[in-house]
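Student: Residue numbers (the numbering used here): 3 to 115.
None of these hints come from the bench; they were simulated from the model. Don't take every hint at face value.
As the list claims (entries may be wrong) - Straight line, CA to CA, 20 Å or less: simulated SDA-like cross-link-like pairs of lysine to any residue:
hint : residue 1 : residue 2
1    : K89       : F30
2    : K78       : N26
3    : K51       : I72
4    : K83       : P33
5    : K89       : N52
6    : K32       : S42
7    : K51       : D41
8    : K78       : E92
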Amino acid sequence: MNKQGLTNKHKLGQLFDFSEFKKNKPFFTKPMSITVGQDSQIETYFLLKNIVYKGKQILALRNEQEPCTILLAEGKIDNGKLQCLIKLPEDSLSEITALFEGNTINTMIVDNN
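Given these sequences and hints, build the entire structure.
Tutor: This is the structure we're talking about:
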């Protein structure tokens with residue numbers, strides 16, 4: 003082991019770039035309804051969970067019309083707002099699904115009426 007490399011690392015007094023730090027934290031901390039689309043093509047989703055995977059905000063969403071289906075998408079955040087949802091590549095779905103299963107997504111359907 004390189005002892006000199008270990009002794010050169012300071013434990014106190016480090017400076018951190020806050021914007022870089024925020025990128026590694028989930029943007030959404032609580033479940034909520036998210037409406038996406040324009041005019042006649044508006045869809046409403048319920049946000050179940052938000053995790054950060056490889057620097058990307060990954061959202062687990064449940065569609066109001068299909069409550070038994072969970073959608074995984076990347077959320078693009080700009081200026082503190084969700085700008086768009088992007089479909090995840092097929093090759094990363096199994097890894098991301100495993101991360102969410104480890105975090106146990108609450109899939110219970112709640113009737114507010």
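Student: Now look at each hint and say whether the structure bears it out.
Tutor: Taking the hints in turn, this is what the structure says about them:
no. : hint         : verdict
1   : K89 with F30 : holds (18 Å)
2   : K78 with N26 : holds (13 Å)
3   : K51 with I72 : holds (11 Å)
4   : K83 with P33 : holds (16 Å)
5   : K89 with N52 : holds (15 Å)
6   : K32 with S42 : violated (28 Å)
7   : K51 with D41 : violated (27 Å)
8   : K78 with E92 : holds (18 Å)
In this structure, the hints that do not hold are numbers 6, 7, in rising order.
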